[in-house]
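A.B. asks: Next come the chains, spelled out residue by residue.
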Amino acid sequence: MSAQAAIVVALVLPLAGALLIALAGRVPNLREGFTLATAVSLFAVVATLYPGVAAGERPGIEFFELLPGVPFGFTVEPLGLLFALIASGLWIANSLYSIGYMRGNHEQHQTRFYICFAGAIAATLGVAFAANGLTLFLFYEMLTLVTYPLVTHSGTDDARRAGRVYLGVLLTTSMLFFLVALVITWLAAGTLEFTAGGILDGRLGNAAIGGLLALYMFGIGKAALMPFHRWLPAAMVAPTPVSALLHAVAVVKAGVFTVVKVIVYIFGVNNIAGLASVDWLPTVAGFTIIAASIVALRADNLKRRLAYSTVSQLSYVVLAAALLTPLSVIGAALHIAAHACGKITLFFAAGAIYTAAHKTQVSQLDGIGRRMPWTMTAFAIGVLSMIGLPPTAGFVSKWFILSGAYNSEQWTAVAVIVISTLLTAGYFLPIVFRAFFRPIPVADDHPHGEAPTTMVVALVATAALTVLMFFFADLPLALVRQLVGG
Amino acid sequence: MFVAAALALLTTLALVLARAILGPTVFDRALAANTVGTLASLLLAVIGFLTGRPEFLDLAIVYGLLNLVGTVAVLKYFRYGDLGDPGDEDVPEHP
Amino acid sequence: MTLFGHFSYWITMFLLTAGLYIVIARGHLVKKLIGLSIFQTSVYLLYIAPSKLIGGTAPIVSDKFTLYSNPLPHVLILTAIVVGIATLALGLALVVRIREAYGSAEEDEILARDEDAARENPRS
Amino acid sequence: MFRAASSVATLFLFWVALSGFFTPFLLAVGFGSSLAVVWLAHRMAVVDHEGHPIHLGLAATVYWPWLFREIAKSAWDVTKIILDPRLPIQPTLVRFRPTQRTEVGLATHANSITLTPGTISVEVGRHEFLVHALTTSGAEGVKSGDMDARVSRFESRA
Amino acid sequence: MISTHLPVLQVIVPLVAAPLIVLIRRAGVGWAIALAASLFSLYSAIAISVHVQDVGVISYAIGNWPPPWGIEIRIDAANAFLLVLLGLVAAVVALYARTSVAAEVPAEQRYLFYAMYCLCLAGLTGITVTGDAFNVFVFMEISSLSSYVLIALGRDRRALLASYQYLILGTIGATFIVIGVGLLYLVTGTLNLRDIAMRLPDVEHTRPVLAALAFLVVGISLKAALFPLHMWLPAAYAHAPSAVSAFLAATATKVSLYILLRFCFSVFGATFIFGALPMANVLMVLSLAAMFVASAAAIFQNDFRRVLAYSSVAQIGYITLGISFATQTGLTAGIVHLFNHGVTKGALFMLVGVVVYRLGDARLDRMGGLAKAMPLTCAGIVLGGLSLIGVPGTAGFVSKWYLVLAAVETGHWWLAFMPVASSLLAVAYVWRFVEVAYFREPTEHVAAARRKKFGLLAPAGILLLAVVYFGFDPTLTVDAAARAAQSLLAGVK
Amino acid sequence: MKQYLVLRVIAKIMIPLMLLFGLYVQFHGDFGPGGGFQAGVIVAAAIIFYAIVFGLPTARKVVPDWLVETLLAAGVLLYAGVGVAGIMLGGNFLDYFVLDHDPVHGQHRGIFWVELGVFITVAGVMLKIFYMFASRRRDGGDE
Amino acid sequence: MSALVDATSWLLLLAGGFFCIVGGIGLVRMPDFYTRMHAASVTDTLGAGLMLLGMMVQAGLSLVTVKLAMIGLLIFFASPAATHALAKAGMSRGVEPVLGRQERRPSKR
Ligand code: NA
Ligand code: NA
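Chains as they are written, first to last, in our numbering: chain A, 22 to 507; chain B, 101 to 195; chain C, 4 to 127; chain D, 35 to 192; chain E, 4 to 496; chain F, 14 to 156; chain G, 68 to 176.
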């Protein structure tokens, strides 16, 4: 398959999958079969792009013009490919997990769920491969809309309210800031094409660059930079596979991915490094990291704690990109992948706990590791990755970020990373401790074992992936080193 | 001199319009409207002279005709509440 | 001439405002229509004026066109009158049907009846 | 038949008076129009002795000049009243019995009353007229029967 | 041979169709004639557009009287574009009307509906193509009078009242326009728009010219439902038969806006209006007010047709905001939105018509769970709603992009945020529908209604396809709008 | 209008004259365009006058609904027909000059038919509108 | 001759205008609907008649005069019919006439 064909297939495949899922809606086994088959073949198709891109190729394809001068076009570059690999790879795990979760909890509207999920993946791949800002924006908004039915899946009043916050924040930021930022970029640069080294060099003044950066950073609401982070905890009402999708596979990853992409390909790292007008960004990111960690520390609801952990971890990526050093940018890209694998494991575990034990609060988890050893072991691996300890992917990415900060002598950033590492350990380790070292409460008369097999398989797989990414870090590194021309 | 005539007519028009506004009954207004029709007819004729355009005389006749029909229509509407009402009319018979 | 011109200008303005006032101030739908007609009447006077100011006839192109001169003010007035009559007639037809449907031709009463209907019978 | 023919003739005369052009085309169209109108009027049943009172043609030459004189006189009277600062009016309603036999006669009488400033016919019936007069003298004038007699004479000339 | 006469046939064909329908007096045949006339309109509009692209301007002298003595039909890029919108919407709504009218209009009045529909189309087309100021008034009244009748044909008694109110305000607007035209005639002695434009500079700052401008702008604004002169619109659109709402929402106000553009740019000239007078600021403020006040009002309506109607008032504000920049990009934005919104609103009113067809009304409090009973219709409404919001991939986004672009380009930084901020209000009213239709359990009222109507959905689908197509590939519309803007900005030549 | 003897008599005298006057305006209209409008209004007014005085049912017998609508439609078609004839004969729409060998005659002919079309349409529209709202009854009077 | 014609027509027009205005004044001054009708008929008869006559004198023996005469005849026939109809309708709809001596006391002014 030629690279161009692979791109087209990768974009169309999830949509075709969605169609098949819709047609097979009455036959659950066939429906889930289609989901899995689509996910697996999608990953395979995306993987075919790896060798070429790793060797420095940038396959692309253009269609009609979205606006005069701005084509509906796609280019596969390292960061996008990495993101696409993560999304399509985790989709397999997520599909497997969903089957167990959705059936185990007797959820309604499962067909709609799988259709929207496939749609979300399609949008994510569009974001990943977009050749220019407008194409990216198109898929970015599509992702918001197609995940809305997932967030509001249960249809309850709570879900409806969560949906309002979700849409409200994401659409407000993207329309109010992101869109305007794109327009300004278009006017200044005459193009929206993602170009190595950026497109804005020398075209805007110092202050304007700072303002534009702010529009982008706050406009990309999916990156959950404070104060536009509320949608993420609100969306916790959704079923766990959806949370996994939001936190790991697609949505927030699309956010930070866009952040990195904008900084690298629109502004150009070297062009804005050292500009006074962009100094504020590490500060805001650092503040988000610390503040979200503190909230997480105080949350008893497991999913809420995980949500604030995500807010905090996302700002790692933003912070890393904002440090504007080659090492930290590599770290940012790697952290997208690392956090994805780690966080999906954590969510899978949380969902497994809910499905098997119907528990949602941290304080209820005493001794649960004995009843669900696989699950909680995987959970522990995820926690290690979040903190940034070996042998997990989180260690690799954090290492790069810290090195970047250290080498460029940005001591505030170093301090933020160190403090937040302690905080992360502070809000995650107690859970592991409870699960394995506290006795099962006497009052707990609800005997249970592990969650359904497909769920356990899925979460063990993602935990394994988290570890594998430590040992085979060269694979993603081969891609992301190209970001900084190394 | 036609200007003088036109001015006289316009003055009268103003007085009649005052009555139309003052009312108080709908019949007062209909009366005023009817008189306005007469005045308009005359005014059109005078303007025809003023501008040397005899077509205005035809216009004046038209206005006069429509004025009659209009007044009767208004009366019928307020008397019977319906323009098409045959009343207890003895319909003209075909010879 | 100018005197007449000014006079007709003032009458135009008077009819314009008087008509508009009636349309706004009166609640009876028929009266509003009458106000509207007065309002429209103001236009006719306005169109009489240009013929005098510009000299009576429209420009003539060539011998070919001497027989008939094109848009003359009275044609325009007539057109405006026809439009006015059609509007008035349609308006009256509407009022008649509104009266049938609501049992009143007073704006306030009609609006009140719509509100009542909405309150009493949420289905309609 | 005669009435129809004379109607056509009258209308055609009316046409010629209006037209003032004597081209064959316009005369032909005028004749055609007269025919068409008579046909429609016939359908409407308005061409009868009331609708087409051709028979009263001669009588009008006597009655109308008198009426015009009356109108002028009364108009002057009413003018004086209007311009009098005291506005000396004595509105009066009078009833009386007209002597005309035909509807045309009654209508002529009623219209004459109304045309004369100072008096208005309010009710017009075969057996009774109700007249509103601006002054008592006007009322007496109507009641005196002078106009009634002249209209009846005018009517009977047919 | 016919092709050289298309400019006039564009008006004459629907104009003749109307009396034909009256002569035949049969609803079925009437529909066929109306459809044929609309399709011809579409064909002719496209043919004319293509031709205009080649030659720049088409001038057609009615009766072979050369302008300015005769009435001239004059088509440039601006009105050619509008003709396409008119033809497209007319044809699609005609398709839709068959089923919709059969359900909403009493049998004995259906032929009247089709006759008035053709008449209205003829009037709107006439306004669009004529190069004669007085003719604008005449055609405007032809279209308005037929609109009043069409609206009054709505099945609810409130349709009568809505039609009456529209008649009053519409007539005031028309009278203002004819006064403005009269004043121009008074000072220039001509009615040909181009001729007026050429003679105006000599008398530009005189009182009659300023008065003429004021009368014209107020009058046209009334017809175009420009905030705050939009009072007639919500009730009219809410109570008219569905096909009428769809047709008028998509075309009538748009044509009025076009004529506003024509007077501002081609007659008075942009330098006079926007340079010497504070027109730009006034228009800008009113546009912003429309965008926010009307959108906010839309959120609080219960009748979904009213929601859409208020949304129209707001969207008209987008168009006039674009105009108020008086730049190439601004005008492009306004004109392209004129098209995009026309198509979007047409589709939405047609879909709401389907809801009305099945439920009897479109009250949000009675539409709970509607998505279960009418999944396709509801999905369509959401898609149309997304275009109202301006989500990328829909036509509405393209307009918004150019609006923001125009604002940034002219240095109005804060203004760049206004269209997007207002579209957040659109999110609110669109999402009210989403939450009602998708989150509530179907009421028995909704559950009881089960009639599938392909004849209603398919035409709406055509417009929705256009919404998406022109959202992804707007080259056609944007280019046409840009050419239109160029030809308007060129002023008098 | 019962008992309105005076009106009845006057109406009978005036209606034929009004009709003829309308036709006069019609056929002298080509000495200045616009005659068709006035003529149509006058003829319609005469018939409306008839209907008001003698009642709508009577008028409907003389000029039935279908006739009104046919008139209305035929008038427009006539007008458009003249226009299209201009195209057919190689000129522009409403091109009178091509309607005869001699342009002046052609113009005469064109205006004649166009004005006739206008006349019929206007009369038809006026009558139609009148019938439309006169046929409905108010339920009880106020005022 | 022409001077005489002009003078006559002047006089007639002025007189006509005078009676028109008188009618208008009466329409405003008179106390009730019925008495106002009397005032209006001054305008309709003498006012209109003299004015038309004035124009006829000016126009001489021509088509214009014929048309002016027709306007006159129209007013002559139509105006009383309309006035009568108005009075009758007013009476039947219960508009009460003011009757008796209505003279204004000079002291009131
Ligand atoms: Na009298
Ligand atoms: Na009298």
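Everything labelled a hint here was simulated from the structure, so no lab data went into it. Check before you lean on any hint, since a few could be wrong.
[Stated by the list, open to error] If you want a taste of the chain E side facing chain F, the calculated C-beta under 7 Å gives, among others: (1) H8; (2) V58; (3) V60; (4) I61; (5) A64.
Being a predicted model, the structure only gives us computed values, none of them experimental. The beta-carbon is built from N, C-alpha and C at its ideal position, and this holds for glycine as well.
A.B. asks: Take the hints in turn and mark each one as holding or not.
C.D. replies: A quick look at each hint next to the structure:
Among the interface hints, the one on H8 (chain E) holds; its C-beta lies about 5 Å from the nearest C-beta in chain F, closer than the 7 Å criterion. For V58 (chain E), the interface hint is violated, since its Cβ never comes within 7 Å of a Cβ in chain F; the closest pair sits about 17 Å apart. The beta carbon of V60 (chain E) is not positioned within 7 Å of any beta carbon in chain F (closest approach about 17 Å), and the interface hint is therefore violated. The interface hint given for I61 (chain E) is violated, since its Cβ lies 13 Å from the closest Cβ of chain F, which is over the 7 Å cut-off.
Hint status for A64 (chain E): holds, given a least beta-carbon distance of 6 Å to chain F, under 7 Å.
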